[in-house]
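Go ahead and model the full structure; you've got the sequences and the hints to work with.
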Amino acid sequence: MTQAAKHLVLAGGGHAHLSVLEMLAQRKPAGLATTLITPAPFQNYSGMLPGWIAGHYTLDECRIDLRPLAEAAGVRLVVGRVTGMDADQHRLHLDDGSTMDYSLLSLDVGSETDTSDLAALGERLLPVKPLDDFFVQWPLLMATALKTPGFRMSVIGGGAAGVEIALAASHRLREAGGTARIDLVISETGLLPGHAAGVVKRAQQSLDEAGIGIHRARARASEAGLVLADGTQLPADKVIATTGARPLGWLVHCGLKLDARGYILVDAHHRSLSHADVFAAGDTCARTDVRMARSGVHAVHAGPVLARNLLATIEGGEVQTYQPRRRSLYLLATGPRHAIASWGRWSAEGAWVWRWKDRIDRRFMNRFALPGRAISAATPASAERKT
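Just so it is clear: in the sequence shown, position 251 is 251 by the UniProt record's numbering, and no numbers are missing.
Do not rely on the hints blindly, as some may be mistaken.
[What the hints assert, rightly or not] Heads up, simulated DSS-like pairs for lysine-lysine below, C-alpha to C-alpha not over 27 angstroms straight-line:
| no. | residue 1 | residue 2 |
| --- | --- | --- |
| 1 | K147 | K129 |
| 2 | K257 | K6 |
| 3 | K28 | K129 |
| 4 | K6 | K28 |
Please keep in mind that the hints were generated in silico from the structure rather than gathered at the bench.
Okay, here's the thing in structure tokens:
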């Protein structure tokens, strides 16, 4: 890359870009101007979302202030949202009508919840993504549920997010003296698809103990809330959608090569298959050489590789490959300070798994915390179950 064309743009403040900011704070190439475009000056950490819903964390404990990180890295921070792109012209369009040109671009803009069958719910629908919006809306939902007799909440999605949110919401409502009913609606793929039978059994037990109704059928919006595929009406005052991800709509016309679903196709270095000056990481991209679940685990692990590859592209070095692990460790929160561990065919559960998860999450947050703002150790578990 020539000296006259060194404007690195980081679009999105996701997990992978935290590693890029960390790298630039330690080693910034001479003559490089870097801009971070992010919808908010904070990154809300998805790994701590269930704990926050359940009341175990404060908001400050599960969000990262991007401003001091950008300042330490010498990066200009622009609070805004990317709404379009012309890859051939090396240009981004922002939500305020402005444009920004780049010589090297990294996209970590995430995805959105697929609510195509639920849009008719209007204000009764709360998608889990964008995460920033969910963090704003959840306290309002809690307040309404606690003051409304007979309040009913449905969570749609049988994956880890749906299970964790249903259990966290149930715990929080019980702790606050609420009587709202929670239903979990899962499709024909079943509960926690991709996880071992032992994990599914443990999760089923936690859901049963919490009194959460499980409905194994697809759902769409109805006048009363939801109607299941078998015709059953499921009343719902609020529907939380964790129904899988879909790419951001503006990517359709961005000019980059996309897969059949609309995600940015990248190689093993996480460089665009069509434009060598564009990299992408996290939920917004897809690879053809390996299969990766849409999980924050991969964004975190790919971050350091992305950082090194951006630096290598700027300085003319050799790019590296991100090789996803054959299996990932999942620690699923179950409401109280209790969690289920899932790793391949192995599973376990208990308060000790929650403490394990808590240490991992706090270590990640403290890595990017302001000096003197490290997150303190968790309070003792309020309840334990035998493993």
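Results of checking the hints against the structure:
1. Simply put, K147 and K129 have alpha-carbon atoms about 26 angstroms apart, close enough for the 27 angstroms limit, and the pair holds.
2. At roughly 24 angstroms between alpha-carbon atoms, K257 and K6 fall within 27 angstroms of each other, so this suggested pair holds.
3. Note on K28 and K129: the hinted pairing is violated, with a Cα-Cα distance of about 33 angstroms set against a maximum of 27 angstroms.
4. Using a Cα cut-off of 27 angstroms, the hinted pair K6 and K28 holds, with the two alpha carbons roughly 12 angstroms apart.
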